[in-house]
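Enquirer: Residues in the sequence shown are numbered from 1 upward in steps of one, following the numbering used here.
Simulated from the structure, these hints should not be mistaken for laboratory data. A few of these clues could be false.
No farther apart than 25 Å at their CA atoms in a straight line, the calculated lysine to any residue pairs in the SDA-like style are these [as the list claims (entries may be wrong)]:
1) K2 with G12
2) K2 with M38
3) K46 with V27
4) K46 with L32
Across the chosen pairs, the derived CB separations fall in these ranges [as the list claims (entries may be wrong)]:
5) I14 with K51: 24 to 34 Å
6) Y6 with L28: 17 to 27 Å
7) K51 with K2: 31 to 41 Å
No residue lacks a Cβ here, since even glycine has one placed at the ideal position from N, Cα and C.
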Amino acid sequence: MKYLNYILILLGAIVALYANSSKAQNVLVLILGIVLLMVGIYRISKTIPSKKDKDEFNNTED
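Whole structure, please, built from the sequences with the hints as guidance.
Expert: The structure is reproduced here in C-alpha cells:
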C-alpha cells in the first residue's frame, strides 16, 4: 500500500510535467496530474504522526 502512494506522486508529477511541456497545454490533463499528486501526498501525510501528539505523549510519561 505504501508503494501505491509513491506511484501516485510519481505518476501525478509526470502527467503534470507532460501537460505543461507542450505548447498547447491540455488543462484537463494538467488538473488530473495535480490531483494524482495531491492524493498521493495526502495519503502519505495521513501515515505520519503529528508532532503535537508526540509531545502530549512525552508530557504524560513524566
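Enquirer: The structure should be examined with respect to each hint, and the outcome stated for every one.
Expert: Hint check:
For the hint pairing K2 with G12, the CA-to-CA distance comes to about 16 Å; that is within 25 Å, so the pair holds. With a CA separation close to 15 Å, the supplied pair K2 and M38 stays within the 25 Å bound. Under the criterion of a C-alpha separation no larger than 25 Å, the hint pairing K46 with V27 is inconsistent with the structure, at around 28 Å. Restraint check for K46 and L32: the C-alpha separation of about 21 Å stays at or below 25 Å, so the hint holds.
For the hinted restraint 24 to 34 Å between I14 and K51, the CB-CB distance of approximately 32 Å keeps it satisfied. Roughly 24 Å separates the CB atoms of Y6 and L28, a value that falls within the hinted 17 to 27 Å. Evaluation of the 31 to 41 Å hint for K51 and K2 yields a failure: the beta carbon distance comes to about 21 Å.
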